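S.K.: These protein sequence lines map, in sequence, to chains Y and D. Counting from 1, position 20 in the first sequence corresponds to residue 3 in my numbering; the numbering is continuous, with no gaps. Counting from 1, position 428 in the second sequence corresponds to residue 577 in my numbering; the numbering is continuous, with no gaps.
The set of hints was computed from the structure by calculation and includes no laboratory data. Here the structure is a predicted model, which means the values were calculated and not measured. Careful, some of the hints might be misleading.
[What the hints assert, rightly or not] Here are some, though not all, of the chain Y residues that point toward chain D, as calculated from beta-carbon distances under 10 Å:
hint, residue
1, G106
2, Q133
3, D433
[Stated by the list, open to error] Here are a few chain Y residues that face chain D, going by a calculated C-beta distance under 10 Å:
hint, residue
4, N98
5, T102
6, Q130
7, P254
[Said to hold, decoys possible] Below, computed lysine-lysine pairings styled on BS3-like, alpha-carbon distance capped at 25 Å:
hint, chain 1, residue 1, chain 2, residue 2
8, D, K617, Y, K262
9, Y, K135, D, K265
10, D, K265, D, K414
Virtual Cβ for every residue (Gly too), placed ideally from N, Cα, C.
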Amino acid sequence: MNYLDYVQMTKGQQIAYNLKKFFTGIPGAIKNLFLVIGAFFGNIFKTIGNGFANYGSRFAKGDIGTKLSYIVMGAGNIFHGQVVKGIIMLALEIGYFYYMAVFGLGQLAKLYCNNVPITDAQGNTIAIANGVVGSVPSTIEYVGILQTPQTKFGDDSSVILLYGVLTILITIAFFALYIGNTKSAYATQEIKAAGKQPKSIVQEIKSLFDERFHITLLSLPVLLLLMFTVLPIIYTVFMAFTNYDKEHQPPKNLFWWVGFKNFADVFYSDPATSRTFGKILVWTIVWAIFATFTNYVAGIILALMINKKGIKLKAMWRTIFVVTAAVPQFVTLLIMNLMLRDNGTLDTMFNTQFHFLSNAMNARITVIVVNLWVGIPYTMLITSGLLMNIPEDLYESARIDGANAVQQFTKITFPYIFFVTTPYLITTFVGNINNFNVIFLLTGGGPNNDTSYSQSGPTDLLVTWLYKLTLNEKDFNLAAVIGIIVFVITAAGSLITFNMSKASKNEEEFS
Amino acid sequence: MVSKRKRALALVLTGMMAAAALAGCTDGGGSTTTSSSTPAAQNSSAGGSEGSTDAAATTDILSDAMVNDVKDMLASEAKDGKITLKVWCSSSDLQFEKWLKDQFIERYSDSRYELKITPSSVEEPDVSSKLQADVSKGADVFSFPDDQLRTLVDTGCIAQVSSILNENVKKENTDASVEVCSIDGVPYAFPKTSDNGYFLYYDKRVFSDDDIKTFDGIISKANSQNKNVLFAMDNAWYNAGFFFTAGCESSYDGKTQTTDFDSDKGLSAVKAMAHICESAGSGFIGSGGDADVLAGFQNGTIAAAVTGTWNGPGIKEAIGEENVGATKLPTILINGEQQQLCSFGGYKVEGVRANTEFPTAAQVYAYYVTSEQSQLYRYGGANVVKGKDKDGNDKVLSRGFIPTNKAALETEDLKNDEAAIATNEQRPYSKPQSIVGGKFWSPQGNLGGSILAAKGNLSEDEMKTQLKDTVTAFNKASDNS
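Start from the sequences, fold in the hints, and give me the full structure.
M.R.: The structure is reproduced here in C-alpha cells:
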C-alpha cells in the first residue's frame, strides 16, 4: 500500500490499518530478534573455528621458538627478542598452574562428588547423595568431662560453588591468554623474518599510552565488571540447578545438583508454587503496563499544562511538582503506608474504614495511584525539556494551515515526544517490572488474606516474591529460577520493543 | 562437704568413663566416624546419672561445693592459659548481662587460666541469620527466642546440651520450657525466661472479672462502652491458637509440616474465628501490631488486647499502672461450647555455638546465666540488681523477665506478679513453636486475614477451599532427595 492509498482512508480505517500492521509485525520482529541472536552466536562459533584453524596453521608454519611457545608460554617471544614480555607470560603460566594445583583443581573436583554421606542433626548418616557440591560432611565430637558436643564443620557448598565458578572464569581467561601467546609468538617470528626488530618492552608500554590507550582505559572496568557482575550472575544461574533451599543451608548441610527440577516446580510440577507464579507474573505485567503508561500520560499532561502559553510563574510550578521527587522515595512511601493502612491516618480522620491496603483489588489500585505521585515528576521534567525544544515554526505553519490544538498535539508534539522517549519508556517498563520499592514499602506484597498465594500476597511482584523467597524462606534455588525468568522477560521484552521502535529503525531521521 | 564433693566428682567421672568405654568399643568395631559412635556414649552417661538419684542433687555443678571442680574443668580446657567466650544478648539486656558476667568471673577465675568473657549486643531476632552468615565469627553463648531453635538445629549452628548438664536443666525448669528447648527429644538450649508468649491485657475500669472470661463477653462489653478488643487474627502466631483449641495437632520434623488443620476440627476452628470476626468494627479489631496496641490504649479506642509483656510498660504508661489487668486468654465458642483459647508459648533461651573452641566453658556459662539465682537476678524483686546509667544515676539492671526455673517461680515476688500469674495460667494451654516450620506462618496468617476481610461471612465450601490451600502451602508438594 502506498502513501496515497493510506491518506485516502478514513480515520477509523487508518487506526485499524496501523493496528493490523503492528500486530502482523510482531512475528517478524520476533523472527528478526532470533535471526540477530542466531547471527551473533554463528559469528562466535565461526570466530572460534577460525581460531582453531589458525592455531594449527601457526604451529605448522612456526619456527622452533613459536613451536615451543605452544607448551612453554612466552618461549616464542623470548626466542624472537621480547625477553621481558616472554618472562611475564611464562610467570603467568606458572602462576596459573600453581593456582590450579594448589587450589583450583580441588575446588573443581568438589563441584560434583558422589557417595557423600548426608548427616542429621546428631551427626548420624541418614542418606548417601550423588552429585553433591562438596564432599566432607560435618562431624560432632564429645569432649571434656561434661561430654560437651563440639562440631567440626565440613565443606560449605555455597563457598565451593563460588570458587568453582571463579576457577572456571580464571581458566577461560588463561586460555585466551594462551592463544594470545601463540599469536604473539608467530607475529614476532614474522616481524623477524621481515628483517625488523619486534617492539621492546619499553615501546610496548609506551604504546599502551598511545595507539593502544583504549586497553589501558578499559582493562580495570572490564575486570570489575567480571568480578562484580558476571561472576554473581553465573553463580546465581548455577544455583538454580541445585537444591540450595531451606533444608540445605550451610554451615552444616551440603546441597547438590538437581537439574531442571526447580524450573519444573515453578512452571508446573509444584501446584502451590506454580499457581502463585502464574498469578504473580500476570500481576507483574499488568502493574508494569499501568505504572509505566499512567505516569507517562500524566507527566505529559502536566508538562503541557505548565508549558502552555499564558501560564504565569512556570518555573515556580515546575519546582513545586519536582519537590515530590526531591523527597526520598522511601520516605514518601512509608508515609503513604502510615496514611492508607487500616486504622491509619485517613481512617482515623474520617472515622471509617477505607480498606485501601487490606483488600486485594483496592491495594492494587492504590499502589498504581501512589506510584503516580512518585513517578510523575520525572516524566514531567523530561517532557518539559523536550517541549521547549520543538521548533516554534512547526506550530506556526500548522496554525497557518488551520490546525487546531488537538491536531497540533497529535501531529507535532506527541510524535516528537514519543520518538525521543521510546528508549525511556522501555527502561521505565523494565524498571517497573523490577519496582521493588513501591510494592515492598507500601504494601509489603499484602494484603495477607489470600490463601491461594504461596508465601506471598496479591500485590507481590516477581522481584518482591524473590526477596521473600531468599530472605524469609531461604529457598535460594527457587529465587534463582525466578531471577532468571525475570531476566529473560525483561531482556527479551526490551530487545523486541526496541527493535520495533521508530527510534532504532530510523536513527538518522527524526519526525 | 568433702564427701559430697567427692561423690559428685566420682559420679561425673563414672559417666565419662562409661562414655569412653563405649566410644572405644564402637571404634574397635570398625566405624571410622566419631559422629556415629558418640550418641550411644551420650545415652549411657545420661543413664548413669539417672541411676543414682540420691546423689543427683549434688551434681549441681554450680553449687559452692563444686566451684573447684568447675575450675578444674576450665583449667583442662584452657588454651595457652586462656579461655575467651563471646556472648550475644539484646542491647537492652547488655548492662545486666555484663554484671552477671562479672559475677561468673569472680566466682570461677583461677591462677591456672585467664577467663575472658565479652558480652556484646546482637538483637535476638537476628541471632540465627547472623550465625548462619559466618558461624565461626559467632558468639560462643547466645540468647535467642525459641522459635529460631529449629533453624539453628537444621543449619547445625547450635550445640546439643551436655547430657550431664541437661539432667539438672530438666529437673530445675518447668516441663513446658524444657520441651521447647528440645528438637525431636534432643536438648539444644537452656531455658531462660518464660514471658515471650502472649496473654490478655485489659483495662480494669472497663471490664469486670466476669467479662474477661469469654471472648464474646469481652467483645460485647467493649462494644457497649464504644471500645475495642484487639486480637491479631491475621497473624499466624496468634490465630493458630484457635486450631489448637479445636483439638488440631501439628508437628514438624525439619522437612515436613504435618497438621490436621484440613479436617472437621480445623473447620470448627475456622468457624470459631469467623464468629469472632463478625464483630469486626463493632468491639473487635482483628489486625494490628505493637504500635497499634499502644496507640489504641493511649487514645482510648482499645480497652483490651492479646499481647505480651513487651507491651506491658507501654500499656501501664497509657492507662495508669493501677488500671492494668493481665490474665490468661479468654474462652472461645467452639462447636457450641466455651473452651479455653490456646496459644503459642514463647521462651527466651540460651544456646551454645556448635563449633565453639571452649565447649565446656561455654556450656557451664550458659547453664550459669540460666540458673535459679541468675533468673531471679534477671527478674528483680527481692533480688533486684542495681547499677549506674551513663550519667552516674542509680538504675535498675534487672529486666523483670519471668523465670522458667521452678524454684524461682515459687518465690513470693513471682507468686504475686499478675503477668507471671497470667503466663502461668496460660501455660497448660500453650504449644511450643517448634511444632511448626518456617513455611507455616505466612499461609496461616493469610487464612486469618481472609476470614477477617470477609468479616466472617464465608460459606462452608469457601472455608474448606481456603483450609485446603493453606495446608498445601505449608509444604512444598514435591521434595528433593
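S.K.: Evaluate each hint against the coordinates.
M.R.: Checked hints:
1. G106: 3 Å, holds
2. Q133: Hint on Y:Q133: holds, closest Cβ of chain D at ~5 Å, below 10 Å.
3. D433: Given a least distance of 6 Å, the restraint on Y:D433 holds.
4. N98: Hint on Y:N98: violated, closest Cβ of chain D at ~14 Å, above 10 Å.
5. T102: It holds, given that the least Cβ distance between Y:T102 and chain D is near 7 Å, below 10 Å.
6. Q130: 6 Å, holds
7. P254: 6 Å, holds
8. D:K617 / Y:K262: 18 Å, holds
9. Y:K135 / D:K265: Holds: Y:K135 and D:K265 sit about 23 Å apart, inside 25 Å.
10. D:K265 / D:K414: The given pair, whose Cα atoms are some 54 Å apart, is violated under the 25 Å limit.
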